[in-house]
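There are 2 protein chains.
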Amino acid sequence: MIAQFATLLTQEQVEQVHQASLEILENVGLLVRNEKARKRLAQHGCQVDSKVDIVKFPRQVVEHFRAAYPPTFTFHGRDPQYDRTIPDDGPLIMTGSSAPNIIDPITGHERRARSDDMARIAHLFNELPALDIFSVSVLCDDAPAGHYSLSRYYPALKNTLKPVRGNVSDVDEAKKVIKLGYLVAGSEAAYRERPLITHHYCAVVSPLTLDFDSTELLMFLTEEGFPGYASIVPNAGLTSPLTLMGPLAQGNAEFLAWATLKQMTRSGATLVYSALPTVADMRTGAYAPGGIENGILAMGFAQLARYYNVPSASYVGLTNAKVVDAQAGFEKSLSPMASMLAGSDLLNMAGLIDAIMTFDFTMLTIDNEIAEMMKRVKRGLEFSQENMALDLITEAGPAGMFIDTPHTLERMKSCAVLPEIADRNPRRIWAESGKLDAQAKAMQRVRDILTRDNPAVFSPDVDARIRAEFEGLVSGNSTPPPGWTPPEPTRTRDRKNRRIRR
Amino acid sequence: MIAQFATLLTQEQVEQVHQASLEILENVGLLVRNEKARKRLAQHGCQVDSKVDIVKFPRQVVEHFRAAYPPTFTFHGRDPQYDRTIPDDGPLIMTGSSAPNIIDPITGHERRARSDDMARIAHLFNELPALDIFSVSVLCDDAPAGHYSLSRYYPALKNTLKPVRGNVSDVDEAKKVIKLGYLVAGSEAAYRERPLITHHYCAVVSPLTLDFDSTELLMFLTEEGFPGYASIVPNAGLTSPLTLMGPLAQGNAEFLAWATLKQMTRSGATLVYSALPTVADMRTGAYAPGGIENGILAMGFAQLARYYNVPSASYVGLTNAKVVDAQAGFEKSLSPMASMLAGSDLLNMAGLIDAIMTFDFTMLTIDNEIAEMMKRVKRGLEFSQENMALDLITEAGPAGMFIDTPHTLERMKSCAVLPEIADRNPRRIWAESGKLDAQAKAMQRVRDILTRDNPAVFSPDVDARIRAEFEGLVSGNSTPPPGWTPPEPTRTRDRKNRRIRR
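In order, the protein sequence lines correspond to chains E and X. Quick note on numbering that gives the first Met the number 0: the first sequence kicks off at 0 and runs consecutively. Quick note on numbering that gives the first Met the number 0: the second sequence kicks off at 0 and runs consecutively.
Chain E on its own, in the form it takes in the complex (with noise of 0.2 Å):
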């Protein structure tokens, strides 16, 4: 247990900080290209200079809608034992999203992304027990025409029984893949009980500008009460301040924009507070999302989610990183650990590599270890009497020994994390193991999962269904990467002994 968050704000600043950004939507506003909007912005208070699309956000009107915030937002999972709500069961981790990208399991080169890719990171995903949300993580560069988003979210739902998150381009997409929910689901009135996909829709550009299609998704998901929130990305030095401050205070407003349109569309509408704030390299101009100052902001505005009463989501842990190495390894952690410690409910950080144009599954593996040991600092030191154990001190003593004890073989496997990458055998016995970095046991890892039956997938009725509902539509298999061969049949199935023998 967390009893005392990090913060970088005193209570009195984080006021400050919400005073300037209504300050900003009250005097400089947004501008807002979808008309929509503006016409609901208007019908709710809010200014509108037609001539130039700017929309300027009273701070009372804000205030109005901000008391309609829910507290809570929940992911649903296909099987309902994955489903997670935040804050209570956080911090919640969810893989990146929409990579272009990803790093060929075989050739160990760059690509573009593909529908059978998409199906072998769900399945992954699936199986690695420290990761709860899968956000689409690539593109699919070989979706069929029309089939832009299901070759998508198709191979997704299909290996993987946790809740998916994703964006889309356009209302007519989300049409498709709500169509393809309430094929999964069974029905439609089965998927509104239990939405199992949650959306994700950049609305706010910075600096202040709310955009068309992804504006008119926000309204138009809202209108159907189907879940889904907006993540705002300002970008110090190239579309905000050059300061911390900067991007605090005006991604703040850009927050309390979209959030008070959503409530505005329908009170009380679940949302998430999501941020992903940069510095730019003023070197090159470079995007650096592995950058601290990722994590330091995502500290900020965890601090200002709790102030809202809001759940709170960040995109940390993006490396910059080419491969699979130390700096992977450090940008990694030093932010998602950071906003975690500051209240963060939910981390979007893993499996990307490359400032989040690229995925590599041997990086999800290592973000799950990673996941795991973040999730061990939650659980915190466990305090009470009985953990304590004086009763044990004093018996074994000084000088004593632990190691023996039924307390301590009662403890053995839930005490600490047991790392299945991170390496603790001694040089000697590792250099006979052939001197695997961390990387190269990850990959082992990988391959140990892709090559077996996904138990997650569809039974064979929903998906025949599906497949009878959208002609053409991409395999959705995991099958094992070419060249890779799958385990005997007699192990195959054998998932309890697959657990002991590892």
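If you are wondering where the hints come from, they were derived from the structure by calculation, not from laboratory data. All values reported here derive from a predicted model rather than from experimental measurement.
Copies of one chain are not kept apart here, so a pair can be met inside one copy or by any two copies together.
Calculated cross-link-like contacts (lysine to any residue; reagent style SDA-like; alpha-carbon spacing at most 25 Å):
| no. | residue 1 | residue 2 |
| --- | --- | --- |
| 1 | Lys175 | Asp460 |
| 2 | Lys374 | Ala2 |
| 3 | Lys178 | Pro79 |
| 4 | Lys374 | Ile1 |
| 5 | Lys50 | Gly396 |
The hints should help you fit chain X onto chain E, whose structure is shown.
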């Protein structure tokens, strides 16, 4: 600025840990192997059972001496500009200590460390700006007879202007090292005014044992007024209960034991609450300082140190990795970030791999970059009305740009960490530049530094004075590793340009 630290315990729970530790000291006591210590403890109210050398500490004795703990600790460097006082100057970053082995920078293979390695390590350390304190990092396999400690401290002191901290085996060795200190400082008086060496002794062996030599050292150095402190080292499952609260309560009792003896020796003597807690990997019994539990316990000890109003230090970022890979990256980052955000003032984290058995030059260089990021978090969001930059946000307006403003130009080099190891190039440029991973980039930097003269070395006078005193002393020179060529002479001392070129 960190406005509020993360905590894993409520204030009431901290108080209960304190009470549990007092109970351990009063009812279980410590095995005290040093007779002088037993006498001193008895003289001040402890109860000694001389048959078994167990000493029990009544709580009023512990509480009485606790009132004398000073709230700050200062490390002195050869150059006073590098003096550092905690907590105000924290978080300080210290190197790891006393590794027997090193990864040879030429062959890449592990071997025993030598005094010429120590010289190069200190030289490299001196040039890495985010590293504050040099904990004498390796043992020296080439030490001449009678020069065991001199062979370590002389190359260290010779090659860095920053504070040096280290262990010695006993009082005789301490006296030699202090004599070296007098010669470096110019006189005993000058040394006593600004002691260039901070001593460290593992006085307490877990569980609950005050050892002979290190306790003798604690008393001798404290009597003489030389700065130093002990670290407590509970290892859950082996030398402490297999929970996190057990080692916390027991370790806290061990801290109170040495701190009490220190205050009995000299009231008001400075101290640091330093801890190296671990949980054994119970699959093999392996020592697992890379485990996240090390960071969680560090958070608990930092909170206890704050309760006692004393500066704290944590051994964190101690990877079990055998190579500088993604495992090294995440183990080097998770626990340091956790402990810093919990208020640790000093992090012993730089340069070692393989469960603190082995020094690696590239790891030290990468740790410097991690340290820069940690310190950026401590700077925080830099709240001010000016930094919120509402004027600038207003001026740019919705959909505006920030890149070409004077405000941005002024902050290009100061807002964010500009990493030298972490690669931010697009993949194509990275590939054209040789596809270097973080370790390869770090090795370039190591080579760049170690093939240049070290501006920190002693003057010839000081060196002559020292070498006249200690016959047969190792060279202590940081010559480039065999095969590494120094740069052209004209560039050697051109430090200003070098920095621009990088």
